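Undergrad: Using the sequences plus the hints, can you model the full thing?
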Amino acid sequence: MANIIELKNINKIYGEKIKTQVLYDINISFEANSFNSIIGESGSGKSTLLNIIGTLDKPTSGELYIEDKRTDTMNKLELSILRNKTIGFIFQFHYLLPEFTAKENVLMPHKIHSYHVPKEVDEWADELLNFVGLSKVKNNKATNMSGGQQQRTAIARALINKPKIILADEPTGNLDSETTENVYSILRNINKKFNTTFIIITHDQRIAEKTDRIVQVKDGRINLDLRK
Amino acid sequence: MRLAFEIALRFLKSGKGQTLLIALGISVGVAVQIFIGSLIQGLQISLVDTTIGSSSQITITSESDDKTIKDWKRTVYEAQISSPEIINVSPSLDGPASIDYENDTASVIIRGFILEDADKIYKFKNNLYQGQFPKNRGEAIIGKELAVKSGTEVGDNIALLTTRGNVITLKITGLFDLKVSSINDSWVVTDLKTAEDIFPTEGVTSVEMQVKDVFLADEISRQVAYTVSENNLKVDNWKDLNQSLLSGLNGQSISSYMIQIFVLVSVLLGISSVLAISVVQRSKQIGILKAMGIQDKDASLIFVFQGLMLGILGAILGICLGIGLLLMFTKFALNPDGSPVVPIYINYGFIALSGMFAVVTASTASLIPARITSKLNPIEVIKNG
Ligand SMILES: Nc1ncnc2c1ncn2[C@@H]1O[C@H](COP(=O)(O)OP(=O)(O)OP(=O)(O)O)[C@@H](O)[C@H]1O
Ligand SMILES: [Mg+2]
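In the order they appear, the protein sequences are chains A and B.
Numbering-wise, our numbering comes out as the position in the first sequence, counting from 1, plus 507.
Numbering-wise, our numbering comes out as the position in the second sequence, counting from 1, plus 14.
Since the hints were made in silico from the structure, they are not lab data.
Remember, it's a predicted structure, so these values are computed and weren't measured experimentally.
Heads up, the beta-carbon is just placed ideally off N, CA and C, and yes, glycines get one too.
Please note that the accuracy of each hint is not assured.
As the list claims (entries may be wrong) - Sample of chain A residues lacking proximity to chain B, with all beta carbon distances greater than 10 Å (derived):
1. Ile525
2. Gly561
3. Asp579
4. Tyr622
5. Glu685
Said to hold, decoys possible - Calculated pairs, SDA-like style, for lysine to any residue (alpha carbon to alpha carbon, straight line, at most 20 Å):
6. Lys298(B) to Met652(A)
7. Lys397(B) to Leu586(A)
8. Lys583(A) to Lys389(B)
9. Lys27(B) to His620(A)
10. Lys397(B) to Gly654(A)
11. Lys397(B) to Lys648(A)
12. Lys583(A) to Asn391(B)
13. Lys298(B) to Thr650(A)
14. Lys30(B) to Pro605(A)
15. Lys565(A) to Lys27(B)
16. Lys583(A) to Asp310(B)
17. Lys311(B) to Arg713(A)
18. Lys311(B) to Leu589(A)
19. Lys643(A) to His620(A)
20. Lys311(B) to Val529(A)
21. Lys397(B) to His620(A)
22. Lys298(B) to Ser653(A)
23. Lys648(A) to Lys30(B)
24. Lys298(B) to Ala649(A)
25. Lys648(A) to Ser297(B)
26. Lys648(A) to Lys27(B)
27. Lys583(A) to Ile386(B)
TA: Following this line, the structure appears as structure tokens:
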């Protein structure tokens, strides 16, 4: 399988005067359609790594390729288009827009690139909401939903533009174990059904074991890289 | 672009209290502006009206030796056609005389008018408090002060001594009060034919007229001067003769503008600070929108649209409030005779302009928050929860 994401000698140093190096010479690639997890202790640099992959953060040095295109040299406009089309994010704290309903939130990434919502996109949004089990509450404002429902809305939103990559930073961090299982099975199903590449940060050993590949980060370095 | 508008609208709707407060702030500013502006304009118009409303605003006189305009009919015609702004053209033949009474004499000015024309300028008819308008040759009306001091009553004959030494008798048919003591005190108003009998000259001594917009009198008087063909004519206008009144009016206008500018500035500061706060409040939303790929300019537009909508809302509310205030003052604060206590001039052009200024101000105020938005880095929001 071809690599969809490739990191070459990625370093990340925070701070101007007091420099803290968070990532050291990271070299790693991820195959298209794969389902990966990143584990590691708190403060090891997992989120930093994921944010760099998602082009939200810039590496201090090194090269990042997404679909064979170098992204660390792109300007803000090119990056925003890339993020909108190619990458779906699921953050730990669901980050819905509280002023909008669940369905409006799901449609937001589509509206960002074209305001008009054609019938098939509208139906796709309904299908996604149905898929994550939210048909009943899709017209609720984000603030009128439970944490798990908001997180599932965020998953549906990450999928609306049919991105090739989904990056998730502890997507179930604040959910109970049953809901956690539920969310993971949804992500797994999406991976199978739509051939989406997943990179998921998790603390949950049991969840990590269910993924195709486990990458362990320790003190800013790749410590372990296990494939099934 | 349309998404930015939709998000802006949603942000405003979800913060109804805040939205209403800003809109109210803007509307108070607009209302104050409209009220003060209309009041000052009203005061100025009423001042100008009492000062020059019932007098000649452009006057043609002759600088020839005998000070008369020979072909006055032609001059009247030329004045009329020189500008569409000109109204109420009235020729007059004037001359000095003195009047004897009891044991004193008073000098007067005999003014021979085409009475119907002159009345349009001076409004004698409306201000006759006794008797009637002269109908025949040899009849005249005089002002209140002159009547009182000479003991003249309607129906009396007065004897006038001209500078040539002739004595003329005129029959007084009415008494007027123009509320200007210099006129009430000295004018003997009669018709042109009678004046021609008294002063055996050819022509008239002046041609007087008014203009539709009194503040254009100086420009129009230049057109009149250009058009009239007789030699040695001189054209004066009220503006050139009343520089001190004009500079007083100017000072008033400037202080009115200053007030209005300060109102605008405070509105500007108010909106921009509230919008800046709302950027901070919405930084999470902006961060997530940027992570999802919204472009910086669209993210900024959200706040520009908010400013624009707040401005429009505030302007509409402010115009309603301002007009309401004005109507209250013109309808309810009345003198016993029914005229408003404060003269107010409702100028819809000015009101629309005030509203537009508010919209422009509010949009300008949104540029600061728009800039903050454009610089916001999504990673800050995502990392800090
Ligand atoms: N802006 C910053 N300036 C300085 N140091 C930073 C900054 N942001 C992050 N760090 C440091 O970088 C290191 C890695 O942070 P990161 O958020 O990637 O950890 P993590 O592995 O995601 O931890 P967690 O599991 O707790 O989320 C931490 O030690 C953190 O203190
Ligand atoms: Mg983290």
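Undergrad: Give a verdict on every hint.
TA: Against the structure, the hints:
No Cβ of chain B approaches the Cβ of Ile525(A) within 10 Å, the least distance being about 18 Å, so the stated non-interface status holds. The beta carbon of Gly561(A) sits about 8 Å from the closest Cβ of chain B, which is not more than 10 Å, so the claim that it is off the interface is violated. With 10 Å as the threshold on Cβ separation, the claim that Asp579(A) sits away from chain B holds: the shortest Cβ distance comes to roughly 14 Å. A Cβ of chain B approaches the Cβ of Tyr622(A) within 10 Å, the least distance being about 4 Å, so the stated non-interface status is violated.
The Cβ of Glu685(A) lies farther than 10 Å from every Cβ of chain B, with a closest approach of about 24 Å, so its non-interface assignment holds. The straight-line distance between the Cα atoms of Lys298(B) and Met652(A) is roughly 18 Å, inside the 20 Å bound, and the hint therefore holds. With a C-alpha separation of about 19 Å, the suggested pair Lys397(B) and Leu586(A) falls inside the 20 Å cut-off, and the hint holds. Using a Cα cut-off of 20 Å, the hinted pair Lys583(A) and Lys389(B) holds, with the two alpha carbons roughly 11 Å apart.
Simply put, Lys27(B) and His620(A) have alpha-carbon atoms about 24 Å apart, too far for the 20 Å limit, and the pair is violated. For the given pair, Lys397(B) sits about 19 Å from Gly654(A) by alpha-carbon distance, which is consistent with the 20 Å threshold. Between the alpha carbons of Lys397(B) and Lys648(A) the distance comes to roughly 24 Å, so the proposed pair goes past 20 Å and is violated. Annotation: proposed proximity of Lys583(A) to Asn391(B) holds, straight-line Cα distance about 10 Å (limit 20 Å).
Restraint check for Lys298(B) and Thr650(A): the C-alpha separation of about 14 Å stays at or below 20 Å, so the hint holds. A threshold of 20 Å between alpha carbons decides the hint, and for Lys30(B) with Pro605(A) the separation of about 14 Å falls inside it, so the pair holds. With a C-alpha separation of about 36 Å, the suggested pair Lys565(A) and Lys27(B) falls outside the 20 Å cut-off, and the hint is violated. Restraint check: the Cα-Cα separation between Lys583(A) and Asp310(B) comes to about 8 Å, which is no more than 20 Å; the hinted pair holds.
Annotation: proposed proximity of Lys311(B) to Arg713(A) is violated, straight-line Cα distance about 44 Å (limit 20 Å). Our distance criterion of 20 Å between C-alpha atoms is met by Lys311(B) and Leu589(A), whose separation comes to about 16 Å. For the proposed pair Lys643(A) and His620(A), the alpha carbon gap of about 27 Å is over 20 Å, so the pair is violated. For the given pair, Lys311(B) sits about 32 Å from Val529(A) by alpha-carbon distance, which is inconsistent with the 20 Å threshold.
For the given pair, Lys397(B) sits about 25 Å from His620(A) by alpha-carbon distance, which is inconsistent with the 20 Å threshold. The hinted pair formed by Lys298(B) and Ser653(A) meets the criterion: a straight-line CA distance of about 19 Å does not exceed 20 Å. For the suggested pair Lys648(A) and Lys30(B), the alpha carbons sit about 16 Å apart, so the restraint of at most 20 Å is met. About 14 Å separates the Cα atoms of Lys298(B) and Ala649(A), which keeps this hinted pair within 20 Å; it holds.
Distance hint between Lys648(A) and Ser297(B) is fulfilled; the C-alpha atoms sit about 19 Å from each other, no more than 20 Å. A hinted pair counts as satisfied when its Cα atoms are at most 20 Å apart, and Lys648(A) with Lys27(B) qualifies at roughly 13 Å. For the given pair, Lys583(A) sits about 16 Å from Ile386(B) by alpha-carbon distance, which is consistent with the 20 Å threshold.
Violation of the numbered hints given earlier is confined to hints 2, 4, 9, 11, 15, 17, 19, 20, 21; the remaining hints are satisfied by the structure.
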